[in-house]
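Protein sequences, first through last, are from chains A, B and C. For what it's worth, this note's numbering labels the leading residue of the first sequence as 3, then goes sequentially. For what it's worth, this note's numbering labels the leading residue of the second sequence as 3, then goes sequentially. For what it's worth, this note's numbering labels the leading residue of the third sequence as 3, then goes sequentially.
Calculated from the structure, these hints are not laboratory results. Treat each hint with caution, since some may be false.
Same chains, same names: a pair is fine if it fits in one copy or spans any two.
Derived SDA-like pairs: lysine to any residue, alpha-carbon spacing no greater than 20 Å straight-line [said to hold, decoys possible]:
no., residue 1, residue 2
1, Lys-373, Ser-399
2, Lys-335, Trp-402
3, Lys-188, Ser-251
4, Lys-107, Val-321
5, Lys-406, Glu-395
6, Lys-107, Met-363
7, Lys-429, Asn-140
8, Lys-217, Ile-359
9, Lys-188, Glu-254
10, Lys-89, Arg-324
11, Lys-454, Leu-409
12, Lys-248, Tyr-189
13, Lys-429, His-142
14, Lys-188, Ser-253
15, Lys-429, Ile-138
16, Lys-188, Pro-252
17, Lys-297, Glu-328
18, Lys-429, Tyr-162
19, Lys-322, Trp-268
20, Lys-331, Met-363
21, Lys-16, Gly-29
22, Lys-213, Asn-300
23, Lys-454, Phe-464
24, Lys-406, Ala-147
25, Lys-335, Ser-398
26, Lys-213, His-142
27, Lys-188, Asn-385
28, Lys-455, Phe-57
Computed from a prediction, not measured in an experiment: that's the story for all the values here.
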Amino acid sequence: PNTTVSQYPSFRYKPVSPGATPFGRGGRRYMTMNNVGYVSVVKNNEQNSVTVSFFDIGRFREYHFEDVFGYDLCSLNEEGTLLGQSKTGMLHYRSHNMIHSNWTKMIPLTHGERITSIAATTFRIFVGSSHGYMRIFNRHGLPLAVEKVSPVVALAAQDYKVFAVHYSPYHGISYSLFELSPTASKYYQRECPLPMTLPQLNLTSEGDVDKQFIKFSPLGLKSLFFSAYGDPCLFGSDNVLLLLSKWRSPSESRWLPVLDANMELWKMSGGKNNTQIHVWPLGLNYDTLNCILVKGKNIWPEFPLPLPSEMEMRIPILVKSRIVEEEEKRKSKSEDTIGEGTSDGAGGGQQNEEIAIPPTMAAEEELLRSKVLSDLLKDSIENDGEVFGNENEILSSLNWSYDKALLRLFAGACAEQNMEMATSLVKEIKQDKALIAATKIAERAELPVLVKKINETREARFEEQINN
Amino acid sequence: PNTTVSQYPSFRYKPVSPGATPFGRGGRRYMTMNNVGYVSVVKNNEQNSVTVSFFDIGRFREYHFEDVFGYDLCSLNEEGTLLGQSKTGMLHYRSHNMIHSNWTKMIPLTHGERITSIAATTFRIFVGSSHGYMRIFNRHGLPLAVEKVSPVVALAAQDYKVFAVHYSPYHGISYSLFELSPTASKYYQRECPLPMTLPQLNLTSEGDVDKQFIKFSPLGLKSLFFSAYGDPCLFGSDNVLLLLSKWRSPSESRWLPVLDANMELWKMSGGKNNTQIHVWPLGLNYDTLNCILVKGKNIWPEFPLPLPSEMEMRIPILVKSRIVEEEEKRKSKSEDTIGEGTSDGAGGGQQNEEIAIPPTMAAEEELLRSKVLSDLLKDSIENDGEVFGNENEILSSLNWSYDKALLRLFAGACAEQNMEMATSLVKEIKQDKALIAATKIAERAELPVLVKKINETREARFEEQINN
Amino acid sequence: PNTTVSQYPSFRYKPVSPGATPFGRGGRRYMTMNNVGYVSVVKNNEQNSVTVSFFDIGRFREYHFEDVFGYDLCSLNEEGTLLGQSKTGMLHYRSHNMIHSNWTKMIPLTHGERITSIAATTFRIFVGSSHGYMRIFNRHGLPLAVEKVSPVVALAAQDYKVFAVHYSPYHGISYSLFELSPTASKYYQRECPLPMTLPQLNLTSEGDVDKQFIKFSPLGLKSLFFSAYGDPCLFGSDNVLLLLSKWRSPSESRWLPVLDANMELWKMSGGKNNTQIHVWPLGLNYDTLNCILVKGKNIWPEFPLPLPSEMEMRIPILVKSRIVEEEEKRKSKSEDTIGEGTSDGAGGGQQNEEIAIPPTMAAEEELLRSKVLSDLLKDSIENDGEVFGNENEILSSLNWSYDKALLRLFAGACAEQNMEMATSLVKEIKQDKALIAATKIAERAELPVLVKKINETREARFEEQINN
């Protein structure tokens, strides 16, 4: 009985599109959703009515059409909509402005094979299947390549690039990043392990809603997309936004957690675990997640779609228990000064006031975030030049944020007379004006040895600059 | 009970040799099989009789010997035969021409460890085990290296190179490609995910025969080998030939499906699923799979071995349902012209006539195939020079096939007045003479705008050539 | 029921530190152990008493402290001790010499997340979690980076480098090797499959002791560390020391099995499987494993700790059955010469005499070992220069060992008149003086053809040298 590998837990491959939701009230669902807009579908007896809607209604106009083939996959970009049927292999492309001709094509599927995901850009169309067939077409449906990879579970594309997520019990969970342009056909990353946190059904205390979503999207993937600067992003069932930095270099690329939406909601709710508010991701513009704030028990948006919200990047280093401790200290202090505080006052009226982050923690977070953002920008400028024109300006502002965060930590270290920590912080400071500021802080803290060390550092850097 | 990882489904490591078959009628089986020949064994009471046979009987002479050790692994090359015993670790090398001395050697195995595969070339001997020990010897059995890798399940070798397939529940299914030559010791690919389609026993409707083979070869691997141009190839239980193109470059290598034998059999059978004919792979010569066509319910060949057949590469993009539709249209048309067609006529007499492929589909397939073959050849010429002397000639013929396929698609697009598609096809055309042909097609279709675009393209290329 | 991936066998992430042992008699255990020393803990009602001890008592002084937080992770280096609590995320750093200030810090953990491992060097602190969060700090606890990787199960660090082991059912077992220095942030190896032999509980005949250890350390990892020359090493449940050679180059790195402790114990016990002696690893100095020889049924050391022992590298190519055969031949011969041997004599008195290795096997082992050691040294010298000053001297001695081993094999091949083998050995010889020795051996064996071949080889090399 143990001669074969067939006892593996089976995994059902499902059609997965970025931002797609399960069918809900009134037989409606979103087929896909991103920074550009959203495609929704209503079941109507024999056929489906599809609506393509846009966030920028000045630039695009909403449109409808009927679908008799039961398309269950969708990719939306600024130029068109690609639909796919996972079981039959049917593909259908529609251009938004109707100038270009629409087309329909059939993908061959072998026994048991499903199309799991499709992605369209203005240059390329990518189609991935549960058996690992990856098919690439030009925008008009001309086949350019057929390749076998590990089973594909999700795709996102930008220009000539595709970001693919793979999974099978035999191949693990991995991702690829490759490009098929007129001049190059190259993998930046090939089936590297993807450090996605997977749904933990056994541990669940969150009940049926999550289970329902996992049934719909087995890996719990809410969305995947390229950021405005071209970096691959992933938003999974743990509500953490992961971003792949320096993806062009296999030895330098890293998946960075740049936002824990649960933590942000907790902070917004004044330190409470509000289970009635959820974040549904759309896209990432520089340091801001564009998203839908969903209210209610469902984790995905229903109809009509609320207006998009913004949530800023925050590197997840905050420790809730420490924040609560500090908050309680602060409150008991302020209650002391005000006079008698009522438990109602703290537990009732103020309950949705944003919680305060202890200054050291906040400075450490800002330090890391400035570093991450400046690394991303530098990589983007080096490879693609200035995309929006203000990148170098942002970079110098990030350098200043970085040094300011260090100065705040430095002031703290001085207050605690922690010479070793203070010295190690001085080494990290980038700009001379920040070193001058550090000197003043050390003077005020009456630490002449430290002042001397900073001055030595300044001189050493000055000489180094002259010699180079 | 859930503290350990021991609940993993167990996998029984089996001795796997390229092209080997299970024991069949009369206690006989093939121990290995490839382009050079085949090694067969008959159980004879206490010992086994081994026969080494060759396809080129002008060059090689068949020979026999007795085996008292129960060898269950075999590798055959143009110079000798290597045998191995998976449980005891015994190795035995025999030279075909008997000039070189034969030798026997013992491989150490730890508790529960098995040799799973061996591979011999005229320069190197590779031995892989279920615990991941990879041992490399020179042809005379001198140990050159011992390395630990993920558990090995199959090996094929050429000159100083080895292509290894790895599997374990903890490490997934992967492959390596490395070389240990007198001057270099390098990995081209190291334990990269192998996009092999694995046996789907749960889904099986094909019954006991396949199960029997999976019991014999747990991953369903029928054969693995290097092509005549030195590219690694794999033929698994899905009867698709996979070929690794550009394997020297980690960022450009891709597994290409270059032949779906099931589809070819279906076409040969006039669009029927004939379950009584199977393809057993031997090797790949340029664009042609050398194989045994097996008739009957077994998927592997019995005794005596039928003569080898040839099957040409075909990129799997054909859609059966579309082909059948077109075929039915065509038939009903021809029946209309002939008069009354009988259902006997269609279902009986013509049943084994090869089915016709719709012209657009055929052109798309040829387009992709010419591209694949020319990429393979270019990579081979760049790295190894011309191996057979006619490579550059073949290349220019492939360029012409590529352009011809584009012209056929172009003619189709013109007929449908699909200007966008037609224009995108023009961009792909490589040769000026093909562009001239395109002009004529566009003129005939009365599309002067298109003619103008082609002429512009020609001029732009002409100028570019001059400037370079 | 089969729509999700939740049926995977669960794996309980445990706190793992290099050389750590489970709690034993008297509520004591070692929290970590390496070449520098060991940290032990005793449970005392409400709190734990921790002792940091050193092997070099001239250089370091043992110290104690009380722990009220229940730290269960530990990393010890020459400058300090880092402690961690897997469930709360508490970290505590203590400097050995007390000049530097100690510090305490909290790591944020999400629902169900555990810190699985920590590693401290004099420059960096690395913290890995079961959800794959890798956090890097400077020595004073300043956060430098947060990254998401596959779940981490063990860590070891040296200077700015970290060697991480990852595992999850979805990601397989893999390792990373990366560096975060002031000037570079780069991966040498990123989540590559780790060819570790995993505990085989199903096959176990060794009973409860091993099960107990696997419960404590689910992957059976006894220790991981960097060698004195900076190469990552791993010692798992199979008691084989694995070393990663040429780790700076993704295409050349290889995991080499350099010592099978079970085999060495078997040899030391005169060819018996002594289940009452075990090897507990501390570190690797050049070609010698520093370890604790543990006596009794437990595989890990108890209190007090025995003095460290040394075990030399041996490439695992010895075949026990062959050694026993030869030994028996040898014994029966010597018994014949002595007169009547008593079975007591062989089975009793001499039982712990080290078993003799047949000369060919010993020469093959020495050949491989000299090659491995010289490759390691060359890589180290090329990249880091001479670390201890005597590296080039060792290298030339290794070259000589290599040639001597070849000469011994050559003499054997001559004795057997195996011309082909003898010729292939001549090609491997590196030094001219060894070729001269080979000439003499061939002359003595009366093989003039071989003598001529050697002379030709010498002349060819001589001319090549002149021309270069």
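Of the numbered hints stated previously, which ones are contradicted by the structure, given in increasing order?
Violated: hints 2, 8, 17, 25, 26, 28.
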